[in-house]
Amino acid sequence: MAVSTEIQAPRSGRIAPEYKRHGRSKGNFEMFAWLFMRLSGVVLVVLIFGHLFVNLMVGEGVHAIDFGFVGGKWADPFWQVWDLAMLWLAMLHGTNGVRTIINDYAEKDGTRMTLKTVLYLASAVVIVLGTLVIFTFDPCPAGAAADLLPSFCRA
Amino acid sequence: MSKTPAGTLYRGREGMWSWVGHRVTGVAIFFFLLVHVLDTALVRVSPDAYNAVIATYKNPFMALLEAGLVAAIVFHAFNGLRVILIDFWKKGPKNQAKMLWGVVGLWVVVMVPFLIRHLTLAFTGGH
Amino acid sequence: MQVHKYDVVIVGAGGAGMRAAIESGQRARTAVLTKLYPTRSHTGAAQGGMCAALANVEEDNWEWHTFDTIKGGDYLVDQDAAEVMAKEAIDAVLDLEKMGLPFNRTPEGKIDQRRFGGHTRDHGKSPVRRACYAADRTGHMILQTLYQNCVKHNVEFYNEYYVLDLLVLEEDAVRADGTPFKQKRVAGVVSYDLASGEIHVFQAKSVVFASGGVGKVFKTTSNAHTLTGDGMGIAFRRGIPLEDMEFVQFHPTGLAGLGILLSEAARGEGAILRNSEGERFMERYAPTIKDLAPRDIVARSMALEVREGRGCGPNKDYVLLDLTHLEPAHIDAKLPDITEFARTYLGVEPYTEPVPVFPTAHYAMGGIPTNIKGEVLQDNDTIIPGLYAAGEVACVSVHGSNRLGTNSLLDINVFGKRSGINAAEYAKTADWVEVPEDADADTIRLVETVRNANGTERVAQLRKELQDTMDANVQVFRTEQSLTETLNVIASLRERYKNISVQDKGKRFNLDLLEAVELGFLLDMAQVMTVAALHRQESRGGHFREDFPDRDDVNFMKHSMAYLDETAETEHVAGIRLETKPVVFTRYEPMVRKY
Amino acid sequence: MTAQNTEPVEPASKVELAPGIGGGGEIPSYDVTLRVRRYNPEVSDEGHWDEFKLTMYGTDRVLDALHKAKWEHDGSLSFRRSCAHGVCGSDAMRINGRNRLACKTLLKDLDTSKPITVEAIKGLPVEKDLIVDMEPFFQSYREIMPFLISSGHEPTRERLQSAEDRERFDDTTKCILCAACTSSCPVFWTDGQYFGPAAIVNAHRFIFDSRDDAGDMRLEILNDKEGVWRCRTTFNCTEACPRGIQVTKAIAEVKQAVLNRKI
Ligand SMILES: Cc1cc2nc3c(=O)[nH]c(=O)nc-3n(C[C@H](O)[C@H](O)[C@H](O)COP(=O)(O)OP(=O)(O)OC[C@H]3O[C@@H](n4cnc5c(N)ncnc54)[C@H](O)[C@@H]3O)c2cc1C
Ligand code: HEM
Ligand code: SF4
Ligand code: F3S
Ligand code: FES
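Chains as they are written, first to last, in the UniProt record's numbering: chain E, 1 to 155; chain W, 1 to 127; chain Y, 1 to 595; chain H, 1 to 263.
Since the hints were derived computationally from the structure, they do not count as laboratory data. Incorrect hints may appear among the rest.
Claimed, not checked - When the alpha-carbon atoms are kept at most 30 Å apart in a straight line, the in silico DSSO-like pairs for lysine-lysine are as follows:
no., chain 1, residue 1, chain 2, residue 2
1, H, Lys174, W, Lys98
2, H, Lys68, H, Lys122
3, H, Lys68, H, Lys108
4, Y, Lys125, Y, Lys290
5, H, Lys68, Y, Lys464
6, W, Lys91, H, Lys262
7, Y, Lys290, H, Lys14
Claimed, not checked - Pairwise CB distance ranges, derived in the manner of DEER restraints:
no., chain 1, residue 1, chain 2, residue 2, range
8, Y, Glu349, H, Gly244, 17 to 23 Å
9, H, Ser29, W, Leu119, 55 to 61 Å
10, Y, Arg175, H, Met217, 52 to 58 Å
11, W, Val35, E, Phe78, 21 to 27 Å
What the hints assert, rightly or not - Here are some chain W residues pointing at chain H (derived, C-beta under 7 Å):
no., residue
12, Arg11
13, Val83
14, Asp87
15, Pro93
16, Gln96
All C-beta atoms, glycine included, are put in the ideal place defined by N, C-alpha and C.
Kindly produce the complete structure, drawing on both the sequences and the hints.
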């Protein structure tokens, strides 16, 4: 068709904020992330409330917390699994939550990348460290003062 | 190209403010969790180190902070359940505001006994 | 000068414009220029329905529909056009359904239909269910569905482009009988981009006008602020005649002062009209059917009450629609929307308080004359090649002197489609008409004159005075005296218009400027309307002359055609020439219009 | 209902009207202060507030006040409007901090003892005063393929659809594309990339239309990272919608539809 003019289609180029949605995001990541937030949330309610209750409400509450208390708990595989699950779920849940927030507020791609890298690193470190602690934990380390240790160490 | 002139704060209602609360508490808990895992990791270093750090937590100021943290977690948890109900329960969206008042109510119900016990313990001192 | 080139340019993105665009867009390179975002068009305000003899719920056929349309229009209808419309109505509705329009359904899942005023079975024997509807949002659904399909077909929209001029050239030509005449040719349109204030010329082989009505010449109207008769005004200024401009439909129950429509259903459910003395005045005017008398009679009676000082309110300028004797539950079940309007807009609680209402200017039966192909006529029978019009801006004439409810949504679909197809087909074979060097000169002059206007008159004030006189004198009652008086007022307003002030001198989104331009169109259209009304010394359909209360088929069974003509004078108004055009009869002889 | 209620009672030919209705009484007038957020890049890059002191009447709406300000005080005050009764979607703006249609908001329902603030809707670039660029909004709308897509050959008559199937998506057919919802959404404000509630509402209208065959494609589009999963159920959209559409509910239904399809 003989179109001789150089005029842009209506309003093109005037679109701001720039429309950057070209290219579909791959896969169902956002969906699973969303679903995970809800599933982990439900489980976390049980885990965290249980944790808080035992640590802060039962017996002497917060004052009872010391090495002995923790050691005593982790000698029991039940609490080991409990705390492990809580660690992983809470960290993944929290990391994903913070990721969402970064996506929302960091507008420049660069900032977004940096912040997310820091977030993932921190989370990875904490998760690995926490896991190691729970599994390699020795409730009765040699050479420690006996009164610091859980009661069963003396046995 | 054209910049948006700054305006006033949007006057959202229950839904928006609960979301703000959820977001703020979520981030707060997350940062606490980072620290909490690290301090707990000290049990791997030595009982003394762990107890030393834990001992510094055992003062009224930290008790208040702890109370705040628990308050945040309890709100986040209950509101999280509300959000889940909005997502999956047919009548959830219709009842979201009522459910928020439910969340607040439950939060009070849980927090009052907790605070009484936690703060009396903290201020009267155990040991 | 920026020139865009399209095969087809459509002016207006209401129902008619978009229906045309869907057809044309698939056949030729098409642009739609619209002063509003398409979904803001006033087609979206229509409530009742769109009729077609689908016979989904009871026996019906298009022939009956044709008859009803002709009778409803008080026999001023061109019967060939009415036949086309009634026949194609069925496909028009089915097309919309296939495009996705969510009609209400019968228990069998077919498109549901309901009754509407003036639609009957077997030539007036009893009411028939002919109106297809989507709740009370039929117009909204039509507008949305058409827009959706424009998106589907990638129609190019130029949103917030105000068309301000039509490029027409005149060529010497000879008629079949050998007489020479000036053949008008269309080269394109000139538009004003609201966002930038720039003038854009659109060269086109075909131009379709679908720019809607002119309700804003009146104060009380169901029409949008933006319905200022631009299309009619542009055509008129370019020497194209306007047909039957004296016929305006007034709907009896608009919310007082606002004109927002309250459906006839309210009175159907038992609501009654009262004057300031609390009297049920319709008992006097129509003793048997009272408040359910035909629209024009009710509207006139209401106006008479107000005229005789029995109006309500501080200015005594409305009557009351009383629903207080109805059960609230009943109101809720049957009239939820109307009551919501009354509550929202007048703060009146219809359970306990009567609702202020007054006839509201609703629909322009007249407009740019076209034939049944949608081609615009430059006189009684010469078409302008490549120029089309459809919808409320056009006059085919299927509505004659009074439109039946639900026939307009039908009109925009049937004739929108026809003009879209014909415009594209024409563009395929036609040659470009050269755009003149100074194509945009007139528009620039118009815009710049207005932009630089530093007079003392406020546009809003002039518009208000115009609307006030039109409401007082050219509404449901007209007399020689009231019309003459109005012409005087318009003349003085036109004089004052030369001395307006426009405060916004900018280029960006200068709506101040455009309101002034629109007022220019309003003044022109009001004048044409009034002159035509003064000339028509009879009463027919929407046009009621107190001094000539009867229909006069001997002298006035013909369309009026108003031309802009510097040399002419009609009814002491210089510049307007009034001619007539015969009505097309096919099979129905005029009878007394009685229900 | 009792028998006497089924027959409407023939109302009296004449009734006593309450004083003030029958005429004579003045329409109450009151003074309002309208604070409008002005912005015109032709003049200045900075926005500012303008105050208009106006005398308004009875049931005037914010749109009437804006008109009065424009027509009698400052002609350069710019805003969009058309139908003036809440059906065209032109005049969504932020009135006293919340998104409303100016033509549907009565002044007397606002607190007129304090200035009434009027600003452009948030999240879309302001062009001038209360006028924003709607293009990003419509871009999202177009993206979700807002038109009926059906495979198979066209029937000669209408497609059949039961009344229940029609009812299923009735709520979301009411949308007038006013953008009150999308521009009230805190997620949309952040970077403007979120599809926004209006686009999802219009996708919902087709996804749940029994005649449509492209629901899967729309669900796929909204499964995008800028799609439904960005909604944080803040309900601003539902509260802003002048048509009373249950927007958040519609979004929840779309989320569930995506989940059901994938899992
Ligand atoms: C309240 C109400 C209820 C109604 N109910 C019914 C009903 O139930 N049934 C029925 O059949 N009819 C009804 N009608 C009548 C019917 O709705 C209208 O006549 C019909 O919709 C007109 O459609 P249109 O396409 O011609 O014009 P519109 O829908 O008015 O569109 C006009 C278009 O032209 C554009 N435009 C105008 N001027 C310019 C310009 N200068 N430059 C560029 N673009 C321009 C506008 O932007 C707009 O897009 C009703 C009318 C009203 C007001
Ligand atoms: C106690 C049980 C918990 C429940 C029921 C819960 C529930 C939820 C839910 C449902 C969401 C998604 C909200 C949305 O999509 O709008 C969410 C978000 C979030 N959660 Fe939790 N959560 C819990 C514990 C935690 C913990 C322990 C942390 C911190 C580590 C956390 C941090 C976050 C963060 C940062 C977000 C993102 C907030 C946002 O995007 O606005 N949550 N939570
Ligand atoms: S959903 Fe409601 S608020 Fe959103 S665009 Fe549609 S009508 Fe406006
Ligand atoms: S305001 Fe936004 S966050 Fe969701 S509920 Fe509405 S889309
Ligand atoms: S002007 Fe049409 S919605 Fe307000």
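Results of checking the hints against the structure:
{"no.": "1", "hint": "H:Lys174 x W:Lys98", "result": "holds, 26 Å"}
{"no.": "2", "hint": "H:Lys68 x H:Lys122", "result": "holds, 24 Å"}
{"no.": "3", "hint": "H:Lys68 x H:Lys108", "result": "holds, 16 Å"}
{"no.": "4", "hint": "Y:Lys125 x Y:Lys290", "result": "holds, 21 Å"}
{"no.": "5", "hint": "H:Lys68 x Y:Lys464", "result": "holds, 12 Å"}
{"no.": "6", "hint": "W:Lys91 x H:Lys262", "result": "holds, 23 Å"}
{"no.": "7", "hint": "Y:Lys290 x H:Lys14", "result": "holds, 14 Å"}
{"no.": "8", "hint": "Y:Glu349 x H:Gly244: 17 to 23 Å", "result": "holds, 19 Å"}
{"no.": "9", "hint": "H:Ser29 x W:Leu119: 55 to 61 Å", "result": "holds, 58 Å"}
{"no.": "10", "hint": "Y:Arg175 x H:Met217: 52 to 58 Å", "result": "holds, 57 Å"}
{"no.": "11", "hint": "W:Val35 x E:Phe78: 21 to 27 Å", "result": "holds, 26 Å"}
{"no.": "12", "hint": "Arg11", "result": "holds, 3 Å"}
{"no.": "13", "hint": "Val83", "result": "holds, 6 Å"}
{"no.": "14", "hint": "Asp87", "result": "holds, 6 Å"}
{"no.": "15", "hint": "Pro93", "result": "holds, 4 Å"}
{"no.": "16", "hint": "Gln96", "result": "holds, 6 Å"}
The structure fails none of the hints (numbered hints given earlier).
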